[in-house]
Amino acid sequence: MSVIDENPNAFLLRMSSISKSFGSFNALSDVNFDLRTGEIHGLIGENGAGKSTLMRILGGVYPASSFTGEIMIGSSPCQFHSAHDSENAGIAMIHQELELAPNLTVDENINLGREVNTFGVIRSQKNLARTAAVLQRVGLAVIDPHTKISELSLGQRQLIEIGKALVQKQKIIILDEPTTSLSLVEAENLLSIMRTLANEGTALIFITHRLDELMAVSDRITVLRDGKLVGTRSTDAVSTEGLVEMMVGRPLSQLFPQRKSMPGSQALEVLSWTVPDAKRPGLTRVKSASFSTRTGEIVVFAGLVGAGRTELARSLICGYGAKASAGSLKLGGLETSFASPKDALRKGLAYVTEDRKDDGLVLRQSIGINVTLCAPHKVSRFGVISQRKQTEIASQYIKSLNVKCRSLDDPVGDLSGGNQQKILLAKYLLLRPKVIILDEPTRGVDVGARLDIYTTIAQLAESGSSVIVISSDMQEVIGLADRVIVMCEGAITGELVGDEVTEGKIMELAIPKSSINSLLEDKNGTH
Amino acid sequence: MERTEVLYGGEFSDRFRQAVARNAVLIALVLLFAVFTYLTGGVFLSVRNLSNLSLQTAAVSIIAMGMVLVIVSGNIDLSAGSVVGAVGAATAVMQVQMGAQPVAAISVGLVFGLCIGMWHGYWIAYRGVPSIIVTLASMLALRGAAIAITQGKTQAPLHPGFLWIGQSYLPTLGLFPNDTTIIGTIIIGLGVLMVAVKRLGGSSAWTRNKSNAAQIMALTIMIVAIGGVMSAYRGMPVPLLIVCCVWLVLSFVATKTVFGKQVFAIGGNARAAVLSGVDVKARIFGLFSLMGVVTAIAAFVFTARVGSASASAGAMMELDAIAAAIIGGTSLAGGIGSIGGAIIGALVMTTLDNGMSLLNLDASYQLAIKALILLLAVWFDTVQKRRG
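Taken in sequence, the protein lines are chains X and E. Numbering-wise, this note's numbering puts 325 at position 325 of the first sequence, and it's gapless, one number per residue. Count along the second sequence starting at 1, add 1000, and that's the number in this note's numbering.
Calculated from the structure, these hints are not laboratory results. Every residue gets a Cβ at the ideal spot worked out from N, C-alpha and C, and that includes glycine. Treat the hints with caution; some may be incorrect.
[What the hints assert, rightly or not] A few chain X residues that don't get close to chain E, going by computed Cβ distances all over 12 Å: (1) S21; (2) R220; (3) S325; (4) K342; (5) R346; (6) K378; (7) L431.
[Stated by the list, open to error] Straight-line alpha carbon distances no greater than 30 Å define the calculated BS3-like cross-link-like pairs of lysine-lysine that follow: (8) E:K1281 with X:K126; (9) X:K126 with E:K1256; (10) X:K434 with X:K399; (11) X:K148 with X:K330; (12) X:K228 with X:K260; (13) X:K357 with E:K1281; (14) E:K1281 with X:K171; (15) X:K434 with X:K323; (16) X:K148 with E:K1281; (17) X:K126 with E:K1198; (18) X:K148 with E:K1370; (19) X:K169 with E:K1256; (20) X:K260 with X:K434; (21) X:K505 with X:K260; (22) X:K287 with X:K434; (23) E:K1281 with X:K169; (24) X:K279 with X:K228; (25) X:K399 with X:K228; (26) X:K347 with X:K389; (27) X:K427 with X:K347; (28) X:K148 with E:K1256; (29) X:K228 with X:K148; (30) X:K323 with X:K389; (31) X:K287 with X:K228.
Kindly produce the complete structure, drawing on both the sequences and the hints.
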């Protein structure tokens, strides 16, 4: 971590007394924020705390006339009237939804909008040279610049986005939850590259929900709550617990609800379940997996990204591109098979997707419609939807799940990630499934909403459902599970109960044996 | 979605399947040629008919090439057929009733096309009206304009110099029959080979770049085959030359210019383009202006080949062009497409027309069969994409 210079000239950016309101709602009141050259500055807070609003002001999305306060870059005041102004001032924003053209190559994307050209004709050699230099800096030197973006992993795309900002020679890079959809290894790689860039003099603003990452990489942390500044601290001087307390406004003794594990009768039993790859015949995604769950029990599937957990879950409900080539399935003790996801849902097995935006919610439709989407029979008679019934049911869930929204008629797309996730949950809760599989239920969700979701999961189990959670978040795996099943490369490698559930044990089972050996060799090599 | 980390090695059979999938349209075209040759007892494959086929394809393939860029950008142009009608009518009326020279008529036609394109671009880019609506409006209005300009009568005869665009063949030097076509074919064929040899360097590079080498060989064979066929009849048709010119220019624009790259970026992810500082509005405006000019060129070729202008000229041509672009591998979702593919697509469409006409098939069957082919082509494309 770099030494913090107290010289005021080292401030690259200073935002003072920023206030912004939407109608009568104060999104930000009197917030101060500053950034030093070469630092990583974490910005945290619950959803709705004002992080995005603050960054949109900095990014020029909200023009200078729409808020009060002052922005200084170096020693000169700045007025941004558009995103373009902000960009010209040296600020790059890396969005959570990556903004790359998937049909173009790495080279074309990195240079997009800034192609080296003579009278409009592209100088491909010069562009390629620039791309190669940038790829080197973001640690992607092995990637062929002619590779199409659609062939890269999410982590690599994230790095390409950063590369784009580097081509533009931006001094300030804003990263909005960059690690949310990355695997552990990819996230670590990203963090180390962020550190390198900071050491080279770029200032980074890092918005995240993952406090452990923040603690590992940042120099300072600013916490916002309800549109107000709670404080800016040097990372060395705070603890994770302290940060959570600052964010939530009260000591958070327990993130996970205390509950007694009371497994009942057998709910789901899967025997030697094997699933081929949907796109590449010959490859196997799930290798002879056998497991069972009981009513009132929470089973967490842990493993690395790509271990086959999602494929297993999706193939169980017949929602994966390829059908299981072998294996049997018992629900409530009876052998069954499903013809479609709808059939599975009808018989009592629900799968809640990890990808709420693409597979889970109709973003442009209202909250009411989304909640009752799977259960039209509950709100309609002879095919005609009763608005009253729909409102009644939706508001009941909105209340029990603590969803923050203005009206049931709002499109779901307007809600924050955490609230969208709650709507997705409500959709399935309405059907009272016997077994419910939740795939990464808290991805991109803030601490407050997490608490609500964990409480709901606990209640589900208490009411006698069998809950299966797929999670890559260690804290979550350990905090939620009655029992942990670990998968690695398509196979179930072990099962952990009670005291055995530790991060070390889980990782031991989750990492492919070959890579453990190579890690050991690396270690021996350096010693 | 959890990502597969295993890289695709590829058995020979898989690679064969992929190669077939990649060249499916070309294979389909060869099959069509074979079927029609068989059914017509060889008439289809006669040099006279092949020369004729190229003339029939010219106008649609020019529009289809422009359409590729329009569809790639995530837009559509339904007005092309009516633009052909209106621009053709204007150039014909100038010659028939005002006695204008071809150069004057063509200049006015080009400006007319450009203005129509700019009109589209203005409404789509700067006023935010969806392209399907803007061009649908033009499709109606310009058909009306064509009726008004021709006063409902067929306008003929056209100036011989104008007819040259659509009906003649490359002029000869008089050394031997079709000397220019033969010499041109040899020069271009050798040129392509030489450039390839220079680019790929030594023999090891050829083996390493097998698919590249195969492509160059295929291109050379195609040039020699087309040149040979045309030499055996009356020489290179002028419309085919114009198609080649438009192909060269638009391919260059699509792959080598900032404009082209940005059009592909807009179609792939418009938000990404905006955030990267691409002036999307200016690009879309420019694109439709270009489309107006390209369609005007098609109008000259079409009107000159028919030899007259009428109010209904070019009707439904936009649909043929859209179909050709899609059969040629352009994705309706935007972002993906190739200019050369559109020519092949247009050739598939005209081959069906030509072949079925030779067989004296009823017009109703002809339309139904064309419809079916289009449906199958898009379905095949969807299946390929799903497999990834």
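Each hint, compared with the structure:
{"no.": "1", "hint": "S21", "in the structure": "holds, 26 Å"}
{"no.": "2", "hint": "R220", "in the structure": "holds, 27 Å"}
{"no.": "3", "hint": "S325", "in the structure": "holds, 17 Å"}
{"no.": "4", "hint": "K342", "in the structure": "holds, 21 Å"}
{"no.": "5", "hint": "R346", "in the structure": "holds, 25 Å"}
{"no.": "6", "hint": "K378", "in the structure": "holds, 30 Å"}
{"no.": "7", "hint": "L431", "in the structure": "holds, 24 Å"}
{"no.": "8", "hint": "E:K1281 with X:K126", "in the structure": "holds, 27 Å"}
{"no.": "9", "hint": "X:K126 with E:K1256", "in the structure": "holds, 13 Å"}
{"no.": "10", "hint": "X:K434 with X:K399", "in the structure": "holds, 23 Å"}
{"no.": "11", "hint": "X:K148 with X:K330", "in the structure": "violated, 43 Å"}
{"no.": "12", "hint": "X:K228 with X:K260", "in the structure": "violated, 38 Å"}
{"no.": "13", "hint": "X:K357 with E:K1281", "in the structure": "holds, 28 Å"}
{"no.": "14", "hint": "E:K1281 with X:K171", "in the structure": "holds, 28 Å"}
{"no.": "15", "hint": "X:K434 with X:K323", "in the structure": "holds, 23 Å"}
{"no.": "16", "hint": "X:K148 with E:K1281", "in the structure": "holds, 25 Å"}
{"no.": "17", "hint": "X:K126 with E:K1198", "in the structure": "holds, 21 Å"}
{"no.": "18", "hint": "X:K148 with E:K1370", "in the structure": "violated, 34 Å"}
{"no.": "19", "hint": "X:K169 with E:K1256", "in the structure": "holds, 25 Å"}
{"no.": "20", "hint": "X:K260 with X:K434", "in the structure": "holds, 19 Å"}
{"no.": "21", "hint": "X:K505 with X:K260", "in the structure": "holds, 23 Å"}
{"no.": "22", "hint": "X:K287 with X:K434", "in the structure": "holds, 25 Å"}
{"no.": "23", "hint": "E:K1281 with X:K169", "in the structure": "holds, 25 Å"}
{"no.": "24", "hint": "X:K279 with X:K228", "in the structure": "violated, 49 Å"}
{"no.": "25", "hint": "X:K399 with X:K228", "in the structure": "holds, 26 Å"}
{"no.": "26", "hint": "X:K347 with X:K389", "in the structure": "holds, 24 Å"}
{"no.": "27", "hint": "X:K427 with X:K347", "in the structure": "holds, 16 Å"}
{"no.": "28", "hint": "X:K148 with E:K1256", "in the structure": "holds, 17 Å"}
{"no.": "29", "hint": "X:K228 with X:K148", "in the structure": "violated, 43 Å"}
{"no.": "30", "hint": "X:K323 with X:K389", "in the structure": "violated, 37 Å"}
{"no.": "31", "hint": "X:K287 with X:K228", "in the structure": "violated, 51 Å"}
Taken one by one, the earlier hints fail for this structure at numbers 11, 12, 18, 24, 29, 30 and 31, listed in ascending order.
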